[in-house]
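Taken in sequence, the protein lines are chains X and R.
With the numbering used here, letter number 89 in the first sequence gets 89, and the count goes up by one each step, no holes.
With the numbering used here, letter number 534 in the second sequence gets 534, and the count goes up by one each step, no holes.
Hints may contain errors.
Claimed, not checked - Covered stretches of chain X, going by a simulated chain R footprint (3 or more residues, C-beta under 8 angstroms):
1) 14 to 23
2) 37 to 45
3) 93 to 107
4) 126 to 135
What the hints assert, rightly or not - Pair by pair, the computed Cβ-Cβ distance ranges are:
5) Thr96/X - Asn124/R: 23 to 33 angstroms
6) Gly426/R - Gln44/X: 58 to 68 angstroms
7) Lys622/R - Glu132/X: 45 to 55 angstroms
8) Glu478/R - Asn3/X: 34 to 44 angstroms
9) Glu478/R - Tyr33/X: 43 to 53 angstroms
10) Gln44/X - Pro216/R: 40 to 50 angstroms
11) Lys622/R - Val139/X: 40 to 50 angstroms
12) Gly426/R - Asp6/X: 34 to 44 angstroms
Hints listed in this document are in silico derivations from the structure and should not be mistaken for laboratory results.
Where is the CB? At the ideal position from N, CA and C, for every residue including glycine.
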Amino acid sequence: MDNPLDRILKQYPNTRRDNLLPLLQDIHDSLGYLSEESIIKVSQHLSLPSSKVYGVATFFDQFHFEPQAHFVIRICSGTSCHLSGSAEIMDEFKKTLNIRPGQTTRDGVFRLEEVPCLGACGLSPIVEVNGESHTGFSVQQIADLVEACKENVA
Amino acid sequence: MEKTLSDTYKDILINEVLNNPDKKFNDNTNNLLSALRRDTIDRPVIFVGKGSCGVIAGANGTYDAVKEYISARSINAELLEVGCGGFCAAEPVVEVQLPGRSRIAFQQVMADQVDHFLDQIFNNILDREKAVAQYRNQYHEPWEGIPFLDELPFFAHQKRIVLDQCGLINPERIEDYIAREGYQAFIKTIRNYTAEYLCSLVEESQLRGRGGGGFPAGKKWRSALKTASDKKYVICNADESDPGAFMDRSIMEGNPHRLIEGIAIAAYAIDASKAYIYTKAEYSLALYRLENAIQQAKEFGLLGEDIFESGFNLNIEIRKSAGAFVCGEETALISTIEGRRGMPSPKPPYPSEKGLFGKPTIVNNVETLANVPAIIHNGPQWFNRIGTETSKGTKLFSLTGKVKHTGLIEVEMGTSLQDIIDKIGGGIRNDKEVKAIHLGGPTGSTIPPQHFDTPVCFEALKKVNTLMGSGGMVILDEDSCMVDMAKFFMDFIRKESCGKCIPCREGTLRIHEILENITRRPEHESGHQTLERFKGVMQLEGLAEVIRDTSLCGLGKTAPSPVLSTMKWFRHEYEEHIFDRKCKAGVCKQLRSFYIDVDKCTGCMICAKKCPVNAIIGSEKKPHFIIDEKCIGCGICLDVCKFNAVYVK
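With the rest of the complex left out, here is chain X (with noise of 0.2 angstroms):
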């Protein structure tokens, strides 16, 4: 019974409907993604329809239904960053890994996504990786921020 899914549905006992986006953060958060056995497991908890859950979740930009990458890029995609040169910063990463925003490496080092805006306008443009910020980003680090994560994989 020490599975993490049954662990956070224990802590929700007796609950509805709108706790459904809650408890699905959480195990986004613990697991990395939504697996099927989570969303069928949490519709049996809510006593809901699969495909009602699985409806909610494809509805919100940040859940993921396949594994997490060892690194993930965010490239702020905002106003202030699409003035600074974000799509120019997006176009070279595409080119260094070979993916789509959206896309993971087939090794699953990398995973490239777009994001809206990061809040941190006046220092833009902004590459986030991991969750640490790189402010000011310029094409030119890219090769070498690509080598050190992969050094680190590695």
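Once you've looked at the hints, dock chain R against the given chain X.
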């Protein structure tokens, strides 16, 4: 960080300060409050600005370095973290207050500079390059030759009501807030006012919702109060998903207690016992500080059951948004809290009659609620005197884009847009020409320079076809392309449209497609493609109007406004893109024309070899030329040229 307070300390604050209607304190209490306000200090205090923007700039490293410096030298000094003062360009900001001297702010103190910096300041030497400003305080001796904070142009033209304590107090400690008259308004309310009277006070103040629409807050509250129900709810809409806006986040990080007090007062006004704060999951620091603040308020008996023996109960729960732009719309937000897909539903019934779980619910923006304690504290007439005829109070903006000083600002309603750019923003960076102001995020609209004398006021902005919006203000200069801007926003909306109404779901997709077409270099000039392009442009305006008129929620209704407003004011740019295939600003990559400077070109052949379409001709050691008709505008020649001979026009 001290999370729990010693009981005596807490007792004094509860019994002597909060439970004391006539505010006559004994010496003991006065001393405590004065110390908490840092009016009188017996040891140096160092404040590190740790808002999200500061943290991103490196404030965590600075904070740790200061901590290490103090403990390594066993200096008796207090180290505090404060929220964001709003001056983003100067982060990380460190402020130092020596006993008897004014608190002084230093900009861009990075971790590796801390040792040297603190050595200097503790020996009373000022690093004048880093010093920005000092705080005005009658008890403190000012530093010579350093301007006061209110003398800096960035601050001098602002009027800070909501933000007055952001960056000043420690957001993680309730006693700092109480020492500055915090929660007094709430206690006054539950002791002396009926819900009815409270609603009329807010109505009298003419406070209008700051989320964008400008609906009178008091009217909304009264409507919920009048609806009979066993349960009612207050929802604080802090789902700030407009890219480029960070007003709500700064309030939650800089002064979370202010927001909680506002929510508590609103809950009392409609007799609700449960409130939700709905905010972005990305705002980890804000979430942490809010949770901490709610916990502290509970310990002080300001939340929970039978608050200060008034019989009023209130619990506040934080709900994390899972990231969807449309959830800023109140009905969509409500269905998200209920655990459904965040899709809007038709109004009426308005949420104030039938909202969350079918019960009367008021949904207010963070900024609106943060205004409330000040209104109750100073009275509605005081608030009434600030601002314009129809728009009272102040408005927060996150000022970004091409101005010199970016950051979080709060201005009195009625301040002209020109003043915001010139006086607060310090003009345009690199002496460029300003082109436009974009207000209100992706669903906002653009204002051209000829209307920059428009004051910040709901009605005046409506006259130039603009909504106030939630407070994102982006300044564009001559290097920005308006078509690209519109395309960028349509791309955002097309992804964020929830898909319920067809005009919004399909229409925004088509608008984006048309704009893509305009900004793309045509593969060939003749035939079908050209016709399609012209047809598309002709239909653009009609399409935009259909989306605006037939969508259900605020997102759809305002979705085409970036296109409509740029087409209205910057039609020549659209025409330039369509007819001349030129982007003057050089933003639309595919429309760039490349030329080779014959004087600089050495004839090395690199560009000719790299050109994917063989558009560059020339023989070895002779200047090369680009055939414009063949060029696809990829820009590779520009990147590979070692002699800077390739230029864009």
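Quick rundown of the hints versus the structure:
1. Residue count for the region 14 to 23 of chain X with a Cβ under 8 angstroms from a Cβ of chain R: 7. That meets the three needed, and the coverage hint holds.
2. Using a Cβ-Cβ cut-off of 8 angstroms, 0 residues of the region 37 to 45 of chain X lie near chain R, which falls short of the minimum of three, so the contact claim is violated.
3. By the rule of at least three residues with a Cβ nearer than 8 angstroms to a Cβ of chain R, the coverage given for the region 93 to 107 of chain X is violated, with 0 such residues.
4. Coverage of the region 126 to 135 of chain X by chain R holds in this model, with 3 residues showing a Cβ closer than 8 angstroms to a Cβ of that chain against a need of three.
5. Hint check: Thr96/X to Asn124/R, Cβ distance near 51 angstroms, so the stated range 23 to 33 angstroms is violated.
6. Here the CB-CB span from Gly426/R to Gln44/X is close to 59 angstroms, well matched to the stated 58 to 68 angstroms.
7. For Lys622/R and Glu132/X, the hinted distance range of 45 to 55 angstroms is satisfied, since their beta carbons lie about 50 angstroms from each other.
8. For Glu478/R and Asn3/X, the hinted distance range of 34 to 44 angstroms is not satisfied, since their beta carbons lie about 60 angstroms from each other.
9. Checking the proposed 43 to 53 angstroms range against Glu478/R and Tyr33/X shows it holds: the Cβ atoms sit about 45 angstroms from each other.
10. Distance hint check for Gln44/X and Pro216/R: the Cβ-Cβ separation is about 46 angstroms, which falls inside the suggested range of 40 to 50 angstroms.
11. The given range of 40 to 50 angstroms is broken by Lys622/R and Val139/X, whose C-beta atoms sit roughly 32 angstroms from each other.
12. In this structure the supplied range 34 to 44 angstroms is violated for Gly426/R paired with Asp6/X, their Cβ-Cβ distance being about 57 angstroms.
The structure does not agree with the numbered hints 2, 3, 5, 8, 11 and 12 stated previously, though it agrees with the rest.
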